[in-house]
Amino acid sequence: MLGMLVASYVINFITTFSLSAIASNGTVRGGGAYYLISRSLGPEFGGSIGLVFYLGFVFNTGMNAVGLIDCITLNFGADTGNWAHILPETNWYCYLWSTVVLVLCTLLCLAGSGIFARASNGLLVILFIATLSIPLSALVVSPFESRNLGIEYTGISLQTLSGNLLPQLTRGAAGSQINGRETFQDLFGILFPATGGIFAGASMSGDLKSPSKAIPKGTVYGLITTFCLYALVIVAMAATVTRSSFLRNTNVLQETNMSGLLILAGEVSTSLFFVLMGIIGSAKLLQAISRDSLLPGFSIFSQGTKKADESTFAIIFTFIVS
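Per the UniProt record's numbering, residue 1 is the first one in the sequence shown, and the count goes up by one each step.
Honestly, the hints are just simulated from the structure, not real lab data. A portion of the hints provided could be inaccurate.
For lysine to any residue, the following SDA-like pairs were computed, each having C-alpha atoms within a straight-line distance of at most 25 Å [what the hints assert, rightly or not]: (1) Lys209 to Ser40; (2) Lys307 to Leu132; (3) Lys209 to Arg39; (4) Lys307 to Ser40.
Make the full structure from the sequences, and use the hints.
Given below as structure tokens:
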């Protein structure tokens, strides 16, 4: 896992250095990565890449909304809830809950970038506390074994750490939908997207006071911080939970924490942040593409409010597509 984490961040740092070189050598306006690419390679080339970025943002937004509902139903689902049996779990109900999440996040984005920034800061605090609770739990939670949960928690143990140190690809792990043995590509495809939020700051380039300075510094500092936190969490879990426990229970992080509610709050906050970031980032990207008049019939999405240039029509369109 640490090897895949290092590989992911090597890719991210290379991309960030390229992004920073472009951002620090010219004027940066709204549109984030699309604006930087289009002004370096030309609007036509940048437009095709920008459209791919937009679709990626939109699909990621919907995926995080669904992921948020999965976290909630895992704990409060009528059939499989760990804590209570409240929410129906049929596909249509999950679609309904996900749509409600998208509606609420869209309304928050329509309220303006100021409200979005304050909401993001609040979610960041919750996520930071939840993340720090994981290594702290490794220090304070007593060892236990639960046959019902399929978990063996040893506390901090060098023997447990050595048992989890080397890769051992298997088949039939809990939650896996792969018919056969997992491969490096399968696992890397899960981990890498979780580390790939490097365009979050660049997507807000139009709202930054000095984007040419803020984008390089903020992105690099963010990468360093998240790498350290990821590594700390991975080592803490590897030193306290046996390999077989990870294979049998997908909710092991919550079950071994000193407060399962903290982990749930962290899962909800990170999913909500990426839904919010996806909606407003996608909308600003679509607004920038429309202002370059690259796509016929998309000029309506170049609209922006007089006060803060908020892309109202683009936000609504992004919600519909999501």
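### Violated constraints from the hint list, given by number and in increasing order
2 and 4
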